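*Asks:* Sequence:
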Amino acid sequence: MSRKFTPPRAFLLDLDGTLYVGPRLMEATPRFLAALRERSIPHIFLTNNSSQSAREYYEKLVNRGIDLTIDQVLTSGDSAIRYLKKALGNPRVYLVGTPSLEDDFLRAGFTLDEDDPQCVVLGFDTGITYRKLEIAARHLYRGVPYFATQPDITCITERGLTPDVGVFIAGLKIMTGREPEILGKPSIVMIDAAMERMGLASLEGVAMVGDQLDTDITMGVVNGLISILLLSGETSLEKAQQFHLKPTHIFDHIGILLEKMLQTSTA
Numbered sequence: 001m002s003r004k005f006t007p008p009r010a011f012l013l014d015l016d017g018t019l020y021v022g023p024r025l026m027e028a029t030p031r032f033l034a035a036l037r038e039r040s041i042p043h044i045f046l047t048n049n050s051s052q053s054a055r056e057y058y059e060k061l062v063n064r065g066i067d068l069t070i071d072q073v074l075t076s077g078d079s080a081i082r083y084l085k086k087a088l089g090n091p092r093v094y095l096v097g098t099p100s101l102e103d104d105f106l107r108a109g110f111t112l113d114e115d116d117p118q119c120v121v122l123g124f125d126t127g128i129t130y131r132k133l134e135i136a137a138r139h140l141y142r143g144v145p146y147f148a149t150q151p152d153i154t155c156i157t158e159r160g161l162t163p164d165v166g167v168f169i170a171g172l173k174i175m176t177g178r179e180p181e182i183l184g185k186p187s188i189v190m191i192d193a194a195m196e197r198m199g200l201a202s203l204e205g206v207a208m209v210g211d212q213l214d215t216d217i218t219m220g221v222v223n224g225l226i227s228i229l230l231l232s233g234e235t236s237l238e239k240a241q242q243f244h245l246k247p248t249h250i251f252d253h254i255g256i257l258l259e260k261m262l263q264t265s266t267a
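Residue 102 in the working numbering is what sits at position 102 of the sequence shown, and the numbering runs on without skipping anything.
Honestly, the hints are just simulated from the structure, not real lab data. Check each hint, because a few of them may be wrong.
What the hints assert, rightly or not - Taking lysine-lysine pairs in the DSS-like style, the calculated list, with each CA pair at most 30 Å apart, reads:
1) Lys4 to Lys260
2) Lys132 to Lys86
3) Lys60 to Lys85
4) Lys173 to Lys85
5) Lys173 to Lys132
Claimed, not checked - Pair by pair, the computed Cβ-Cβ distance ranges are:
6) Leu245 to Tyr141: 26 to 36 Å
7) Gly171 to Thr6: 40 to 50 Å
8) Asp252 to Thr126: 25 to 35 Å
9) Ala137 to Pro23: 29 to 39 Å
10) Gly205 to Asp115: 41 to 51 Å
11) Glu204 to Thr126: 30 to 40 Å
12) Gly143 to Lys4: 44 to 54 Å
13) Arg159 to Glu56: 13 to 23 Å
14) Glu259 to Leu161: 45 to 55 Å
15) Lys86 to Leu106: 12 to 22 Å
16) Arg64 to Gln263: 24 to 34 Å
What you are looking at is a predicted structure, and each value in this text was computed from that prediction instead of being measured. Every residue gets a Cβ at the ideal spot worked out from N, C-alpha and C, and that includes glycine.
Please put together the full structure from these sequences, using the hints given.
*Replies:* Quick look at the structure:
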C-alpha cells in the first residue's frame, strides 16, 4: 500500500517503461518534466543500457521532445567509468561492450587490453561473440577484478525482449564461479554518480522513479530513497505485491505521479 505522498526534493528518473514505452512518449511526460523545471527540482535521467552513450540517449530524448541537457543523462557505462577512474586511476581494461561503450572508455583515458588487463568490465554488447566470452573467462580464472555495468537479464527493444548483460554474467558464473561488482543500477555507485551530477550531498527526500523491481526499486529501497514504482513498463501490480522489497509508492503511470505532486503543492 502506498504511503502518504510527500513531494520529493530531487528525482532519479528511469527512461524506458517510465517516461516512454518503446517509441511512444507517455502522454504526461512533457507536463511532468515541465513541472520539475518550473519548481527548480533537480532531476537526472538514468539508464542501465550501456550499449549506447549519453550523447546518443540525449539526442533520442531531444528528438522525442524532452527538454534537457546532456549532463542530465547518466548511463550505467558512465557510472562504471566514474567508479573505475576513482578506484583504479586509468587501468588497462578488458571491455566486453559495443563500439559506443568502447569509445566512451577510450575518451575517458582507459586503455583497452585483451592480453594483460587490470580489470574485466562486462557491458551490454549487442555484438557479443564466443571469442569475447572466452577471453573474459580466461582473465576471470586468473583472478582479475571483475565488474559489470548492469545485472539486467532482459532488455526491452522494439523487437521485444532481448538478452541483456545478466545472461552473460550467469554463463560466466557457471563456468568460473565468479560474480561481478555491479556499477549501474541497483548499486549505490550509480546513486553516487547521479548525486554528484545534481550537486546534492544528502539522499533525504530523493526519489527513484522506475518500472523495474530488480533494479530501480531495489536501488531505491536498499539505499533509503523514496522509491516510486510505475506500472507502465514491465511490472504488474501482482508482481510488485509478491516482490520481497516494497516501494514507497505504486502508481499506474507518470501522469498519476504528476497529479500527486500538483495536489500536494497546492494543498
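*Asks:* Now tell me if each hint is right for this structure.
*Replies:* We went through each hint and held it up to the structure:
| no. | hint | result |
| --- | --- | --- |
| 1 | Lys4 to Lys260 | 10 Å, holds |
| 2 | Lys132 to Lys86 | 26 Å, holds |
| 3 | Lys60 to Lys85 | 27 Å, holds |
| 4 | Lys173 to Lys85 | 26 Å, holds |
| 5 | Lys173 to Lys132 | 15 Å, holds |
| 6 | Leu245 to Tyr141: 26 to 36 Å | 34 Å, holds |
| 7 | Gly171 to Thr6: 40 to 50 Å | 43 Å, holds |
| 8 | Asp252 to Thr126: 25 to 35 Å | 32 Å, holds |
| 9 | Ala137 to Pro23: 29 to 39 Å | 37 Å, holds |
| 10 | Gly205 to Asp115: 41 to 51 Å | 48 Å, holds |
| 11 | Glu204 to Thr126: 30 to 40 Å | 39 Å, holds |
| 12 | Gly143 to Lys4: 44 to 54 Å | 50 Å, holds |
| 13 | Arg159 to Glu56: 13 to 23 Å | 18 Å, holds |
| 14 | Glu259 to Leu161: 45 to 55 Å | 31 Å, violated |
| 15 | Lys86 to Leu106: 12 to 22 Å | 18 Å, holds |
| 16 | Arg64 to Gln263: 24 to 34 Å | 27 Å, holds |
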